[in-house]
Amino acid sequence: MSSELAKVIPEVLYSDETDVRIATESHQAEFPYGRDSEAQVTRREFCNFLFLTSSALLVGAGGFAAEEAYKAKTEVVHGPVAVAGAETMEPGTAMNFSYPHEEDTAILIRAKDGSYHAFGQKCTHLSCPVHYSKDHDRLECPCHEGGFSATTGEVLYGPPPRPLDKIGIEIHNGRIFAAGREVRGTEVQRDNG
Amino acid sequence: MTTGKPGNYGIGNQPQPRGRTAVWTARLVIMVMINLAQLWLLAAVVDAALAHEFKQLVPLVIASGICWLIALTIFLWWKPALGPRR
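Those sequence lines, one after another, are chains Z and S. 0 is the number of the first residue of the first sequence in numbering that gives the first Met the number 0; add one for each residue after it. 0 is the number of the first residue of the second sequence in numbering that gives the first Met the number 0; add one for each residue after it.
I should point out that these hints are in silico values taken from the structure, not numbers from a laboratory. Watch out, some of these pointers could steer you wrong.
Derived lysine to any residue pairs resembling SDA-like cross-links, with alpha carbons at most 20 angstroms apart [said to hold, decoys possible]:
#1 S:K54 with Z:E74
#2 S:K54 with Z:V182
#3 Z:K6 with Z:T23
#4 Z:K70 with S:K54
Generate coordinates for the entire structure from the input sequences, incorporating the hints supplied.
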């Protein structure tokens, strides 16, 4: 028995299914089950599965929409937070920081004219982190070559569907504060300038 | 009239008249199309929610619900007739 099994196992492991059936045919009497009926999915079963999938998609869509709408209604307004090291930035440079939470990455840009602008660092296409390009004076996404304006955060080119999240900047006593983060939708026009 | 190969058929795999087979197949194809539409709607819901375009969420969820209702109708009532017509 064990020698027969030892012979069959390599045949089963290194063969396609047809050979598996042929190889194990002599042992079917010991393990009798309807292989053909077991392997086949009936149209009825598949239709049942599709209906369950449809239900799951409806629940998913409704649940996601409800969760996001609830989060937006109960959103907490965050107060100003000082951005450490922003005062020493040279014009035409950028630095990363987090606002309002640690996981909400952001980028602060000091434009060539000395003004400060801050945006969420997640590209609105597929959430890759954008970086500041000093040569082109814009924010660029390395993943799919999207570009955003360094002063307004609007889409200049590429696949991103909407502008970067805008973070308000306040200056008090020479210190730079991030105040408020705004998610902007698709109603903002592309900046072709 | 029956179709299918002679042999050991499992439960649910009995040979059927061609008309019934066609209805079952059509049912299946329409359900697949509805699922694809709902997948697209789910993607649109996620995109609208991330953009905080909440006005778009309600019509999208309603559309997904309508697709589900159609799938439910097909699932419950769209079945081939049980016996031959007389």
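Structure-based check of all given hints:
1. A hinted pair counts as satisfied when its Cα atoms are at most 20 angstroms apart, and S:K54 with Z:E74 qualifies at roughly 17 angstroms.
2. For the suggested pair S:K54 and Z:V182, the alpha carbons sit about 15 angstroms apart, so the restraint of at most 20 angstroms is met.
3. Among the hinted pairs, Z:K6 with Z:T23 is consistent with the structure: their alpha-carbon atoms are about 11 angstroms apart, no more than 20 angstroms.
4. A C-alpha spacing of about 15 angstroms is found between Z:K70 and S:K54, which places the hinted pair at or below 20 angstroms, so the restraint holds.
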